[in-house]
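Residues per chain are reported as follows:
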Amino acid sequence: MPSADTETTDAGAETAVDEGRSALLEALTAELGDALLDSHLIAGKDLWIRVGTDAWASTADYLRNRQRFRFFDFLSAIDWMPSPYGRSLDAAVDNILEGGNPLGSSGLVGDHDEGGDAAAHQASGAGAYAGGETRFQVFARVYSLTTKLGVTIKADVGNLGDPLQVGTWTGTYPGADWHEREAYEMFGITFVGHPGLRKLYLPGDFEGNPMRKDFPLLARLIKPWPGIVDVEPMPGVADEGGDAAGEGEA
Amino acid sequence: MTATQPNVDRRQLSYIAGQAADARVNVELEAEGMTLNIGPQHPATHGTLRLVVRLDGEQVIEADPIMGYMHRGYEKLVEVRTYPQINTLINRIDWLGSFANEVPFILACEQLMGIEAPPRAQWIRTLFFELSRIANLTLFLGDMGVQLGAVTPVFYAFRDREHILNQIEAATGGRFHPNFDRIGGLKDDLPAGWVDETRRALGQIRKFCDVMEDLIVGNEIFEARTRGIGVIPADVALSYGVRASGVDWDLRRDNPVGGPGAGLVYDKLDWKVWTHPDGDSFARYWVRLQEVREACHMVDQLLDSIPAGPIMAKVPRIIKVPEGEAYVATENPLGEMGYYVVSQGGLEPFRVKIRSASFSNMSITPWVLKGTYVPDVITILASLYFILGDIDR
Chain A
0 MPSADTETTD
10 AGAETAVDEG
20 RSALLEALTA
30 ELGDALLDSH
40 LIAGKDLWIR
50 VGTDAWASTA
60 DYLRNRQRFR
70 FFDFLSAIDW
80 MPSPYGRSLD
90 AAVDNILEGG
100 NPLGSSGLVG
110 DHDEGGDAAA
120 HQASGAGAYA
130 GGETRFQVFA
140 RVYSLTTKLG
150 VTIKADVGNL
160 GDPLQVGTWT
170 GTYPGADWHE
180 REAYEMFGIT
190 FVGHPGLRKL
200 YLPGDFEGNP
210 MRKDFPLLAR
220 LIKPWPGIVD
230 VEPMPGVADE
240 GGDAAGEGEA
Chain B
0 MTATQPNVDR
10 RQLSYIAGQA
20 ADARVNVELE
30 AEGMTLNIGP
40 QHPATHGTLR
50 LVVRLDGEQV
60 IEADPIMGYM
70 HRGYEKLVEV
80 RTYPQINTLI
90 NRIDWLGSFA
100 NEVPFILACE
110 QLMGIEAPPR
120 AQWIRTLFFE
130 LSRIANLTLF
140 LGDMGVQLGA
150 VTPVFYAFRD
160 REHILNQIEA
170 ATGGRFHPNF
180 DRIGGLKDDL
190 PAGWVDETRR
200 ALGQIRKFCD
210 VMEDLIVGNE
220 IFEARTRGIG
230 VIPADVALSY
240 GVRASGVDWD
250 LRRDNPVGGP
260 GAGLVYDKLD
270 WKVWTHPDGD
280 SFARYWVRLQ
290 EVREACHMVD
300 QLLDSIPAGP
310 IMAKVPRIIK
320 VPEGEAYVAT
330 ENPLGEMGYY
340 VVSQGGLEPF
350 RVKIRSASFS
360 NMSITPWVLK
370 GTYVPDVITI
380 LASLYFILGD
390 IDR
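As you go down the protein sequences, you meet chains A and B in turn.
When the count follows numbering that gives the first Met the number 0, it moves up by one through the first sequence with no breaks and lands on 249 for the last residue.
When the count follows numbering that gives the first Met the number 0, it moves up by one through the second sequence with no breaks and lands on 392 for the last residue.
Isolated chain B (complex conformation) (with noise of 0.2 Å):
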């Protein structure tokens, strides 16, 4: 299997090294420039993003992120908790697709332990898994159409993702932080009735899709404003560990540690990785759309064909983990998010380095919004995606 070559035009390749060249004459001709600071408290940031960007006319010359309003320390702190209680604390790294971010902490957790959960338990772990995909991708779906002016796209956004998170909710008795993983299973069975009711609040998700694409990706200014805006050639996006950009790569299907079927269910379901070739905003919102409707399709499959059985396998009460090290990734609605567990045989670990997928979409802003024009910033911005709390952990 090779990757793709991404098919960018040389439409885009020439308005990119356009906007690099007059980048780079502007620095060199000492034109004098504005320092604009944007953030911490714009609505655009999504939360508390301060960007520093240095200006000549509408041009941006180079832009500055500056990170850590929202530094929890998390790296830290999960060196002296114990593993159940990591659990709690890491719900609220991407805040809105909570239950994905404990899955990849559990599992490596479990390959410590040499623990696999049951077909039930992965199953339900999997279900909710593209749940939170939803429910994190329908805000994003709405929200960039915020950022260009249009304020429809973020009502209807929210009216929706209350069908999915009130669905998590009826499962696990949180709305964003579900905290229901556990190592060897979850903590509960799904309530009676459940599986209906998901099925009609996926329904709910489908036409929202469907609104969302007359509402938006059909829409001139829309288009106007990201075609050809923001493009991150694949090399650059996968130096910088950000998934885009036509490339056919994505954990669910390629994981390398222990292959697609490790704790989760992805080689049972007929699913499709969607790429665009474009790799600009325009792009990157068309395939977070698809991911949605992918996302449906997949809880559609997994909704039919739960399997019967227990859902937690047997652990001792207290949990220790042996010596070693795993790190275990999973493709999470942002990205890549992977959790590199150091244990010395503990009630807590020794060290876990948590990958977050925001730290990575946010790493590549001083390389993409340098030469672009201020409007496109925030258009840029949205379409990365990010959430603070997974940036800053």
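If we strip away everything but chain A, and leave its shape as in the complex, we get (with noise of 0.2 Å):
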């Protein structure tokens, strides 16, 4: 259910908590105006919102100081394209059996076919709670300790090529200093005034951000997963293999 407005689940109970973030969303569409580029709520459970890119440490600015979003969660990233290795579950046999290369693609970084170029050109968080233009985005998110809600904030950073650059939250949240530097090394996205931007876990001289989807897993080319091979039937089952025998068990 992707970019739904507004999904409205259960009733009940769950209305007061509703208005909260009704309020909230409310509240930071009028302070944003056009920077609050889309939102998603589900009624009872969570609210993300996508900011535009100059926005992103405004928008904590805001929630910390004015909203009152005292407590930082987490910060981090994340990579929209499909992994061009193709489906790991998928057995090296049936690649070679639907005339695909057993590895799921050509091989290493850099040297992906065409299809795999075309489609990280198109990859994006269109179809993700809030939507996104591009393949890279951060997110964060915050709490309220007195209205007791929490809200993921989004902003989209920017394709393969472009600088990949956005404000950092350090100044807000000192605390988004070591989440600012994971997402640096594991996503290869630069954050903006941070204070000290080097890598965290990473070996000073590593090369590649393992995190983007096409930065390969080496274990699984040099091991290949064997696939599903073993599923048995559950006693009573017929066999119908795969998804049919799940979904008629649903």
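Straight-line Cα separation of at most 20 Å, SDA-like style, residue types lysine to any residue; simulated pairs:
id, chain 1, residue 1, chain 2, residue 2
1, B, Lys75, A, Pro202
2, A, Lys198, B, Glu74
3, A, Lys198, B, Thr47
4, B, Lys75, A, Leu201
5, A, Lys198, B, Gly38
6, B, Lys267, B, Asp299
7, A, Lys222, B, Arg80
8, B, Lys75, A, Leu220
9, A, Lys198, B, Ile65
10, A, Lys222, B, Val79
11, B, Lys75, A, Asn208
12, B, Lys369, B, Asp55
13, A, Lys198, B, Trp366
14, A, Lys222, B, Lys75
15, A, Lys198, B, His70
16, A, Lys198, B, Asp63
17, B, Lys75, A, Pro209
18, B, Lys75, A, Glu206
19, B, Lys369, A, Pro173
20, A, Lys222, B, Arg71
21, B, Lys369, B, Ala19
22, B, Lys75, A, Phe214
23, A, Lys198, B, Pro365
24, B, Lys75, A, Met80
25, A, Lys147, B, Val235
26, A, Lys222, B, Gln84
27, A, Lys198, B, Met69
28, B, Lys369, B, Arg226
29, B, Lys75, A, Phe205
30, A, Lys222, B, Leu88
31, A, Lys147, B, Arg251
32, B, Lys75, A, Pro215
33, A, Lys198, B, Gly72
34, B, Lys313, B, Gly113
Treat the hints as calculated values from the structure; they're not laboratory data.
Can you join these two chains into the complex? Each is in its own frame, and there are hints to help.
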């Protein structure tokens, strides 16, 4: 159910919570104006908003200092490109039967076939909650202790070849420091204004950004997954194979 | 409900202000510092934490934790695994309270699939969640003694934690990695006689808590080395994502996603959230001691009221999570742990962001260690309490 504006689950006890979220969304809309690009509200559950790249840092400032969202939860990034290595659960033998490469793709980084390149260009978070236009997005989450609400904020960062820059949150939430360092090394996103943007986990001379979808998981390339070969039918269930059996039981 | 303002007294505030001022002066005078490397194999670092500190005399000017000696790349690995397989993997994040790692992930998947576990499964889940907390925090309570030079408490901790681990093993088959939670319920029902055995084990833990209170909390050396040391004001703690310093906030009670009754039964129990206004090393120890007692109290109530019924909801044999995003967090032994699951409708998640408690607890160390003295570094690290696997993931 992507990008539906408001999705009403059951009413009743959850209505009160939902009012809080709607009021928050209205306040954010009034404050941010055009910078608030999209939002997604699931009644009684959660709220997602997407802001413009330039408004990323000022949104944090507004939430912390005006809306009293004092608890910084996490900050991270996402790469919306579908993995060029295919579904890792496909057995190598299936790929050969379908005329594909046993690895699911042409192999290593920067060596995609044309289809892969096209996929990389089209990839975006369009189907995600609160939408998205580019391949890379940052997202973060903060809580308000007074209203007991949480909100997830997203922002588009850019496609491959763009500078991939976004403002830092460390001025507002000092705790964003390590989270931004992690996103920097894993996705290659630069947080402008961060006091010491360097690698957190990886060795200093490590090349590449491991969490990008086109970065291969070497363990699976060296020894491909055999695929689902040992699924035994449940007792009393006719073996229709794969999904059909699963849905039949549901 | 408003968050209580921290009641940090003036003595501590002036202490911390003095420390900060000293550190500033040292930096301004360009005092020739000494760089000290603590770890990655130092016993006080609970694993492979490495800390590079720049010292002026005994005082820390700057502390820089070097992470990544245990980075296993779970966020990448889960992208090529099915949801049931991931459950096995995430057991290894915080290895002292493994069951507690499984719960938020399973709850996130259930939320996306629109499944709710039957009441009996929810009860037993909550039960094991609290047992994990006891198993995890008892070790911390003893370990704090070791950091201060008292060796006895940790022996008691290892001895008495075994009672809880035995109970976890009896029901799940695994002492450390139960892998017991399933989407829609639990793997197995409780074995016969388990409830009475667990009551006996809780008695041992209660005795252990009293012993720790005698041995450590009332100890003059302990008080001298922890009171007013490593003070974290509430506002700083919150902006680092740490729950401490008298902030009355607990996801077991205040969960913003779906309310307190989402998948766990804390709203049906009689319990309270413990806080301590000081926010120093002593307060952190004291709160955890009370949390273990509160957990015993909760497990007692849970054992009395396990409802009958099935332990598994009806779920498809091959688990496919519908398209969508969900963030579910729970109050794990070390703090908030959550999973942001992005699914595109397949057998495996598209992206999982793992928000672990120790990562946030540890990220505050450069702030809190600034201006402290070298012996205090050890007690502050011990009182922040982290599991390396939980930081590095």
